[in-house]
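Line by line, the protein sequences give chains L and F. Under the numbering used here, the letters of the first sequence match residues 1004 to 1707, in that order. Under the numbering used here, the letters of the second sequence match residues 1004 to 1707, in that order.
Keep in mind the hints are simulated off the structure, nothing from the lab. Do not rely on the hints blindly, as some may be mistaken.
[Stated by the list, open to error] According to the in silico footprint, chain L covers these stretches of chain F (three or more CB under 8 angstroms from chain L):
no., stretch
1, 1319 to 1330
2, 1614 to 1621
[To be verified] With a straight-line cut-off of 27 angstroms between C-alpha atoms, the simulated BS3-like cross-links for lysine-lysine are:
no., chain 1, residue 1, chain 2, residue 2
3, L, Lys1592, L, Lys1660
4, L, Lys1007, F, Lys1624
5, F, Lys1311, L, Lys1584
6, L, Lys1624, F, Lys1065
7, L, Lys1015, L, Lys1437
8, F, Lys1007, L, Lys1624
9, L, Lys1233, F, Lys1582
10, F, Lys1582, L, Lys1311
11, L, Lys1104, L, Lys1035
12, F, Lys1684, L, Lys1233
13, L, Lys1007, L, Lys1065
14, F, Lys1584, L, Lys1072
15, F, Lys1607, L, Lys1065
16, L, Lys1065, F, Lys1624
17, F, Lys1624, L, Lys1624
18, L, Lys1584, F, Lys1233
19, F, Lys1072, L, Lys1592
20, L, Lys1007, L, Lys1624
21, L, Lys1370, F, Lys1624
22, F, Lys1582, F, Lys1660
23, F, Lys1592, L, Lys1233
24, F, Lys1526, F, Lys1035
25, L, Lys1007, F, Lys1007
Small disclaimer: the values here were computed from a predicted structure and weren't measured. C-beta: ideal position from N, C-alpha, C; glycine also.
Number of protein chains: 2
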Amino acid sequence: DVSKDVDENLIKQFLSEVDTVQLQENLRELTKVPHMATSQGDEQTVQFVLKRWQDPESGLDKAWQQEYKVYLSFPNPNNPNKVTVVNPSNSVLFTVREREKPYTPDQEDPEVVQPFAAYSPPGNAVGKLVYANQGKPSDYHLLNQTIDLRGTIAITRYGGAGRGAKAINAAAFGVVGVLVYTDPLDINDGFMSDTNETYPHSWYLPPTGVERGSYNKDFGDLLTPYLAAKEDTYRISPEDITGIPPIPTQPIGFEDAYRLICELDGKKAPDEWQGGFNCTYNFGGPGFKPTSSFNNSDVKLEIFNQGKILNSSNVMGVIRGSVEPDRYVIYGNHRDSWVHGAIDPSSGTAVMLEITRVLGRMVKQGKWRPRRSIIFGSWGAEEFGLIGSAEYTEEYFTKLSERTVGYINVDISVFANATLSASAMPSMQSVIFKATKQVSAPGSDSTSVYDNWIRYSNRTSPAHGVIPRVRYLNGAGSDYAAFVHYLGIASIDMSYTYDRSKTNARIYPAYHTAYDTFDYASKFIDPGFVSHQAVGRSAGNILIRLADSLLLPFNCNDYAESLEDYLNTAVTLYEAQLKAKNISMEPLKNAVANFRRAAEQLDKVIQSSDLANETPLNIRKINDQLMLMDRAFLNPLAFPDEYGFRHVIWASSSSGKATFPGIADAFAQAESSGSSTDWNKVHYHLSVVTQAIEGAADMLNEVI
Amino acid sequence: DVSKDVDENLIKQFLSEVDTVQLQENLRELTKVPHMATSQGDEQTVQFVLKRWQDPESGLDKAWQQEYKVYLSFPNPNNPNKVTVVNPSNSVLFTVREREKPYTPDQEDPEVVQPFAAYSPPGNAVGKLVYANQGKPSDYHLLNQTIDLRGTIAITRYGGAGRGAKAINAAAFGVVGVLVYTDPLDINDGFMSDTNETYPHSWYLPPTGVERGSYNKDFGDLLTPYLAAKEDTYRISPEDITGIPPIPTQPIGFEDAYRLICELDGKKAPDEWQGGFNCTYNFGGPGFKPTSSFNNSDVKLEIFNQGKILNSSNVMGVIRGSVEPDRYVIYGNHRDSWVHGAIDPSSGTAVMLEITRVLGRMVKQGKWRPRRSIIFGSWGAEEFGLIGSAEYTEEYFTKLSERTVGYINVDISVFANATLSASAMPSMQSVIFKATKQVSAPGSDSTSVYDNWIRYSNRTSPAHGVIPRVRYLNGAGSDYAAFVHYLGIASIDMSYTYDRSKTNARIYPAYHTAYDTFDYASKFIDPGFVSHQAVGRSAGNILIRLADSLLLPFNCNDYAESLEDYLNTAVTLYEAQLKAKNISMEPLKNAVANFRRAAEQLDKVIQSSDLANETPLNIRKINDQLMLMDRAFLNPLAFPDEYGFRHVIWASSSSGKATFPGIADAFAQAESSGSSTDWNKVHYHLSVVTQAIEGAADMLNEVI
Ligand SMILES: [Ca+2]
Ligand SMILES: [Ca+2]
Ligand SMILES: [Zn+2]
Ligand SMILES: [Zn+2]
Ligand SMILES: [Zn+2]
Ligand SMILES: [Zn+2]
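If we strip away everything but chain L, and leave its shape as in the complex, we get (with noise of 0.2 angstroms):
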């Protein structure tokens, strides 16, 4: 029925059937074995999916498996990395473990790798240690004023820079090696001991754990930017590679880096630089101290790190729409893990499969089939950089950008069980609160998902009042990367999270180690699987609600809103010092008050319709409005050494600023270098934006 709206009782009926021992059994199937992309186990996740995408009672209409031969980075099995300690004769002092201590049978699995940084290089590093804090440009240039960093070898904590920076950031000046460790004052508050602290005794990170990691800076296979990686495409050379780490480098657990650290000669580090170890930080002599056994030693990286090209496969299924066949509304999680990965990404797998599960049968019963298209993805390859799902981008570039009308992102569905987190578009945020104030929290029968989500992240709205703060998705953090920066679709990335009173753990302690097991998430994460089961209901009712409505529910009123805080910022930051530089603001006033005028402007026209007795195509005319209004946001030339990025309101930025990230870091680098060329860049990405935005008020005008 082309004039059918969303049927709340098919959304009741949705919310009751989603189950905890569903989710729990998938999320068991999916954590039988480690699943690190192109495994063996790998591929058995790829079969489980297809099978139940292919369930004559429970799939879908069509389900597939499509690979792409991307370029991974992994450890020599038979040569592992090492990572020790030789003194001047070259005898070893010290080995760092090469393997985390088993405390279950999932972590003596052979099949478990050894922790590594993905895309490092192989190659050997010796030399003086050093501690150098998050490893920042502003940490080595402190340490390079007391130490002549060339030769050193540095060891950095996570957390403040990104992992492959860490390690470009140390080549600038003269390091020859990385060593990576995971401080328990960042992830354990504190905690360190095995024996009655960390698992299994509780979620904390045990002192063996490692955090493994892609260190590469571009999202998508590295050896094909903007193009699919088939067989025969065209490849760069693995050496014309940019944005990883041009040195050895290596992660270990804290329980080698207390060993290491605490036995640094130099200079006492700074207060910030102070981790959680029950010692002083220092410096490093570079070194380490004379009373140390380790005196006159040097810290020796091997690592043997191997490039391959191999098949990564993501697996796709669809329900056909019955209206609008040709609009999409895409749904996607990885499937590829580090270890058993049973929090990333499986979590979010046992929900995507309970949503499929619980949808495929009512589309199979004949109970069900929604008005426009919806497509399933489990992406491969996430973790070395989000491949699958930038692949498929690529492949269906422009398929996807005239079709697709949302992306619902859920990657680790349940980071602890406190409060839902969302990061959307702020356009979306009316469907989010919709959908949310359906669902009961976690283990509660009169407080909903919304009302306990606006105890723990709230803001005052000017249209609004307090609310939920939906976040923005300014990041490449998960699969919404592509959607949202290359493709400028309206996405949605959400979890279920901590409570950040109880917690300063900078993400769950287990990610990425090999204690990321069910039995993990099980005991400590989601016991009762309540909060899976609360975000398999919100992302599953917002998916309806993206399929189902007859007008879609977005917003641009509250993308208004952000794009007038953002200005404000900008106005506040950046104003006095543009209008010196003879550089005016006001064209870009403007097209803010552009945009909220049209948004209001087309608010009115869908308030005041008749939405029964309009006709299909005049429906469509708003939805394409609402659906397309943040293509216009995209340029494919504004930010030439960001891969991907092309959305000129979300891109990422290292100005720390929340504004337009254009701006923002052009201004840093004007205010930094003075230079004339750096401050017409200032001009030309405030011109980006100020015509990005009237674009997308363009898009929102009456149609001629």
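We have chain L already, so just place chain F with the ligands on it with the hints.
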């Protein structure tokens, strides 16, 4: 009525109302005074077009003037450019004419701009003269084998290379100034005398006629690439403009060129360099013959061109669509000329105004309203590099990209009155044929424009047999450029043109001179305005079909035929050598085959659909497939050095091969350099084109 298709009776009525007297009077009014971009005369044409489009009896729904601040280049009216021959004691022996000789009062109008090379820098250049043929790199290369070109002035003839390229190529060899003239062989079929052979006795160019022109390589406002040129838009510095002459450059008439060339000393130039003068074209000593009165003398250029940022206007008009207002058919032509511009562009504007008069009246009388919206654009500053249309597409990029069904460009509507000529996306071939079969050839009742056309220019199509040859839109010769190359919108450029068996003129002889007047046009180009009428009827018929057809009249099988042609050429030219480099063309072959399959499949769906009973959204779905297919050919990164060229099938190429331009140019470069970087670039372009074609096929495939 949602299911109403194009009305053949309405088309008949339209055809019957297109009137030669109206066309003649339009042209008379448009050419009253010179109307170079931003001049007083230009503003008069703005007001004239506005008045017509706002006419209560025959105007459009809405019309308005829209300004951009753009960078133009003019001679200094108080200090005209000078070209002289000066002897060693600095006496002036000869001065090139500053104005064309008047035959009618038109040429005496003080607003006739002195001939000049727009965007040539001001400055003086003195040196010995050499004859450099067409100013191609190969021409200078040959010359340079016997003459040290450093410090010389080169005289070149129009043709063979772009205007600005003649000077850019010259500067690379140390040439310090360039003259450009039109050789009688290239424009006048050899005729040279104004006493009986040339205008006012015929259509041929008088000896003092000079082709003005813009000497920039890139189109669009040169200071604001990819940004609309508004008041506060960021502008690059004029010194940073690339692709314009680096040395003083000036066009002159052949009367003066004759004096200079026939006195040249040195070796006889090759046969292909000889032109229409009754003397031997020598290279130059450099400089003149010892027997010449110019012996030992230099040629001196004193150029006083000035860059100016001025407001240039587009005039825009719309007829709002009844059923699909959010789908646009755009029809445009530039309004600005160099002088009176009777043929270029007013013959096209006369046609546009006649089409809007007939359609506007139907709308005002309530007899008709198109299904889709029609937008008319009277572009400004085309002569300076397609500026008005380019700025328009920059400003409304997303809106136009998402909503525009097709663009029709009629610039010079009548070059000559022999036959139709049309260039278009291959998908539009069928609607061009359908329309032109319904229009009588000028001066004939029994022959159609189509039947006449096929006699002058045809080809054998595997699918259709012998048909008129529709050309490709590879270049950037008029305002279709931004629509085709930057936006990927299906476009048509059309005109009436020569019988090539009767003339070799590279273009109509009065092109860009002071002789392109109403008198010239009405006496020698289209007496009776019957060719204007045929073009108006043909273009208007196509316009109505694009606006009113229930299903868009696009045939993607015809697009497939062109891709197959390109593929066959590419395989013939490149496959063996690519194989030797381990680069496979199989993916490209598969892509073209997939496109063909998808086109056939969609065609079947269209043929088998019962239009009257299809739902509006099903029709829209197919129309969107047809409309948006071409967008998949866009790649904003494929040609980083070419402003606006994003369409990987139709981008311009310097290879001279009728095949995929990126591959062809990269192959030529790789073959000549042999470097592996260059061979990689061939592979890159092969992947770009392959994936673009796959993406286009995806747009035609089943939507889910
Ligand atoms: Ca790729
Ligand atoms: Ca511009
Ligand atoms: Zn993840
Ligand atoms: Zn992860
Ligand atoms: Zn023209
Ligand atoms: Zn012209």
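Against the structure, the hints:
1. 1319 to 1330: holds (count 7)
2. 1614 to 1621: Three-residue rule met by the stretch 1614 to 1621 of chain F, so holds; n is 3.
3. L:Lys1592 / L:Lys1660: Given that 27 angstroms is the threshold and the Cα spacing comes to 18 angstroms, the pair holds.
4. L:Lys1007 / F:Lys1624: Judged against 27 angstroms, a Cα distance of about 19 angstroms means the pair holds.
5. F:Lys1311 / L:Lys1584: 22 angstroms, holds
6. L:Lys1624 / F:Lys1065: 21 angstroms, holds
7. L:Lys1015 / L:Lys1437: The given pair, whose Cα atoms are some 13 angstroms apart, holds under the 27 angstroms limit.
8. F:Lys1007 / L:Lys1624: With a Cα-Cα distance of about 19 angstroms, the restraint between Lys1007 (chain F) and Lys1624 (chain L) holds, given a limit of 27 angstroms.
9. L:Lys1233 / F:Lys1582: 18 angstroms, holds
10. F:Lys1582 / L:Lys1311: Holds - the C-alpha atoms of Lys1311 (chain L) and Lys1582 (chain F) are around 24 angstroms apart, at most 27 angstroms.
11. L:Lys1104 / L:Lys1035: Judged against 27 angstroms, a Cα distance of about 19 angstroms means the pair holds.
12. F:Lys1684 / L:Lys1233: 17 angstroms, holds
13. L:Lys1007 / L:Lys1065: 24 angstroms, holds
14. F:Lys1584 / L:Lys1072: 21 angstroms, holds
15. F:Lys1607 / L:Lys1065: 23 angstroms, holds
16. L:Lys1065 / F:Lys1624: This hinted pair holds, its Cα atoms lying about 21 angstroms apart.
17. F:Lys1624 / L:Lys1624: 13 angstroms, holds
18. L:Lys1584 / F:Lys1233: Satisfied, since the Cα-Cα distance of roughly 18 angstroms is no more than 27 angstroms.
19. F:Lys1072 / L:Lys1592: 20 angstroms, holds
20. L:Lys1007 / L:Lys1624: Given that 27 angstroms is the threshold and the Cα spacing comes to 17 angstroms, the pair holds.
21. L:Lys1370 / F:Lys1624: Given pair Lys1370 (chain L), Lys1624 (chain F) holds - Cα atoms ~25 angstroms apart, limit 27 angstroms.
22. F:Lys1582 / F:Lys1660: Cα-Cα ~20 angstroms, so holds.
23. F:Lys1592 / L:Lys1233: With a Cα-Cα distance of about 15 angstroms, the restraint between Lys1592 (chain F) and Lys1233 (chain L) holds, given a limit of 27 angstroms.
24. F:Lys1526 / F:Lys1035: Holds, at about 16 angstroms.
25. L:Lys1007 / F:Lys1007: Status holds; Cα separation ~25 angstroms.
Going through the hint list in order, the structure satisfies each hint without exception.
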